[in-house]
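Visitor: Listed here are the chains, written in short residue letters.
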Amino acid sequence: MPDTLTPIKTLSREAMAARLAADIPDGWYVNLGIGAPTLVANYVAADKEVIFHSENGLLGVGPKPDDEHIEPWLINAGKQYVTLLGGASTFDSADSFGIIRGGHLDLAVLGGYEVAENGDLANWSTGANDVGPAVGGAMDLGAGAKQVWVLMDHTTKSGQPKLVEKCSYPLTALGSVTRIYTNIAVIDVTPQGFVLREAAPGLTFEDIQARTGATLHRA
Amino acid sequence: MIDKFVPDLATALEGVKDGATIMMGGFGTVGQPTALVDQIADMGIKNLTIIANNAGAAFGGMTKLLQAGAIRKVVCSYPRSSNSTLFIDLYREGKIELDLTPQGTLAERIRAASAGIPAFFTPTAAGTQLGQGKETREINGRLCVLETALFADIALLEAWEADRWGNLTYKLSGRNFNPIMAGAAKLTIVQTQHKRELGEIAPDAIMTPGIFVNRVVHVPYGDPTL
Numbered sequence: 001m002p003d004t005l006t007p008i009k010t011l012s013r014e015a016m017a018a019r020l021a022a023d024i025p026d027g028w029y030v031n032l033g034i035g036a037p038t039l040v041a042n043y044v045a046a047d048k049e050v051i052f053h054s055e056n057g058l059l060g061v062g063p064k065p066d067d068e069h070i071e072p073w074l075i076n077a078g079k080q081y082v083t084l085l086g087g088a089s090t091f092d093s094a095d096s097f098g099i100i101r102g103g104h105l106d107l108a109v110l111g112g113y114e115v116a117e118n119g120d121l122a123n124w125s126t127g128a129n130d131v132g133p134a135v136g137g138a139m140d141l142g143a144g145a146k147q148v149w150v151l152m153d154h155t156t157k158s159g160q161p162k163l164v165e166k167c168s169y170p171l172t173a174l175g176s177v178t179r180i181y182t183n184i185a186v187i188d189v190t191p192q193g194f195v196l197r198e199a200a201p202g203l204t205f206e207d208i209q210a211r212t213g214a215t216l217h218r219a
Numbered sequence: 220m221i222d223k224f225v226p227d228l229a230t231a232l233e234g235v236k237d238g239a240t241i242m243m244g245g246f247g248t249v250g251q252p253t254a255l256v257d258q259i260a261d262m263g264i265k266n267l268t269i270i271a272n273n274a275g276a277a278f279g280g281m282t283k284l285l286q287a288g289a290i291r292k293v294v295c296s297y298p299r300s301s302n303s304t305l306f307i308d309l310y311r312e313g314k315i316e317l318d319l320t321p322q323g324t325l326a327e328r329i330r331a332a333s334a335g336i337p338a339f340f341t342p343t344a345a346g347t348q349l350g351q352g353k354e355t356r357e358i359n360g361r362l363c364v365l366e367t368a369l370f371a372d373i374a375l376l377e378a379w380e381a382d383r384w385g386n387l388t389y390k391l392s393g394r395n396f397n398p399i400m401a402g403a404a405k406l407t408i409v410q411t412q413h414k415r416e417l418g419e420i421a422p423d424a425i426m427t428p429g430i431f432v433n434r435v436v437h438v439p440y441g442d443p444t445l
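Protein chains in written order, with the working numbering: chain E, 1 to 219; chain H, 220 to 445.
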């Protein structure tokens, strides 16, 4: 069915990241997952102080350095060179995951293969045919952060829904996702299921429901 | 007198044998004891179990050991790399065993070993494939899995500074798994960028107290590359 739908205009990754960034409150401690979630840091408004954590032991991560100011001893969990802001701290991996597991992070922004209507997240393995399993800190972040927001396309490239009744891929964490930002909508995960908070410009509730693999509720 | 400094890599690794379980610090190439690991590859030791966060990179870390076919099993959280398929190829061919462990659980299992805690419960991985076969318990309304302490025969670390008592500091993101691995192995061997006199590192700047360290070798190789 999904591939028979009329093509619609979707948000770019940058626009999705910017939309999510607008909702992060001033003063939050936030971990950004590898890939698209990393873009979120570029869109936090200058009047907000949001402190970014990285799994390899950094709190207070700043912007990417220009080529003349690379510090070779300073990378993030995505193994990219970063900078530290004044007030930043560095620590070991046990402390870093104590921050995560201990519920001290306000928010983790993760990518996703699938999110189920009960908040289950699948984002680390595509199952038996996966090229090779790798999990990194995804399960710890999924289980430990106060809020888990997922940033992902609403459907796969072939048009299959990624918001589903039940995940088909191996789970990362159970019932932990609280909100999803996609290229067509912002959706809350509630005890009732998926609730549409916002459709991308020009799209209707019906457009979003048609591309969602579970019942969508009106806010 | 205590002097944990040894003159060279070969002396630092004396007694490391086939079949050993070896922990390696580092996240990406930052804080990896690459000189020590490469020396192990040159020694021709085989059948190793390696505990490290990453396994996949094209250079540094355990790359030479993988190329030499010296590794039987890897315990890690992230065996993929954008610049190499070396580990994944061996894994798919069934030539290497993988114990995939969530990164925080890996860190805490190592810390627990160092701190004398035999096991602990964590919600991480509960109800997932990586929690399968593990004892579970519901604690304060949350499903948790039992994880055991992760010990090794040898821990290989990279420090920024070291003195002859084995007191260590690390630079920026070079700290990562290094301090927790010190103490989780029977023999902890450190390569350090800088050699300091006793007292030169302020007591409250020391990140790993020397009691956790057995041998130190001075390897001022300069900066890591990605």
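None of these hints come from the bench; they were simulated from the model. Wrong hints could be hidden among the right ones.
To be verified - With a straight-line cut-off of 27 Å between C-alpha atoms, the simulated DSS-like cross-links for lysine-lysine are: (1) LYS283(H) x LYS405(H); (2) LYS314(H) x LYS283(H); (3) LYS405(H) x LYS292(H); (4) LYS146(E) x LYS157(E); (5) LYS353(H) x LYS314(H); (6) LYS236(H) x LYS265(H); (7) LYS353(H) x LYS146(E); (8) LYS166(E) x LYS283(H); (9) LYS236(H) x LYS79(E); (10) LYS166(E) x LYS146(E); (11) LYS64(E) x LYS79(E); (12) LYS79(E) x LYS283(H).
Computed from a prediction, not measured in an experiment: that's the story for all the values here.
Visitor: Each of the hints needs a verdict: does it hold here or not?
Guide: Status of each hint after checking the structure:
Our distance criterion of 27 Å between C-alpha atoms is met by LYS283(H) and LYS405(H), whose separation comes to about 24 Å. Under the criterion of a C-alpha separation no larger than 27 Å, the hint pairing LYS314(H) with LYS283(H) is consistent with the structure, at around 15 Å. Restraint check for LYS405(H) and LYS292(H): the C-alpha separation of about 19 Å stays at or below 27 Å, so the hint holds. For the hint linking LYS146(E) to LYS157(E), the alpha-carbon distance of about 31 Å lies beyond 27 Å, and the restraint is violated.
At roughly 25 Å between alpha-carbon atoms, LYS353(H) and LYS314(H) fall within 27 Å of each other, so this suggested pair holds. In summary, the hint linking LYS236(H) to LYS265(H) is supported, as the alpha carbons are separated by about 8 Å, within the 27 Å threshold. Between LYS353(H) and LYS146(E) the CA atoms are separated by roughly 25 Å; this keeps the pair inside 27 Å, and the hint holds. A hinted pair counts as satisfied when its Cα atoms are at most 27 Å apart, and LYS166(E) with LYS283(H) does not qualify at roughly 43 Å.
Distance restraint check for LYS236(H) and LYS79(E): the Cα-Cα separation of roughly 32 Å exceeds the 27 Å cut-off, and the hinted pair is therefore not satisfied. Distance check on the hinted pair: LYS166(E) and LYS146(E) sit about 22 Å apart at the alpha-carbon level, within 27 Å; holds. Straight-line distance between C-alpha atoms of LYS64(E) and LYS79(E) comes to about 12 Å, which keeps the hinted pair within the 27 Å bound. Straight-line distance between C-alpha atoms of LYS79(E) and LYS283(H) comes to about 20 Å, which keeps the hinted pair within the 27 Å bound.
Comparing the model with each numbered hint stated earlier shows that hints 4, 8, 9 do not hold.
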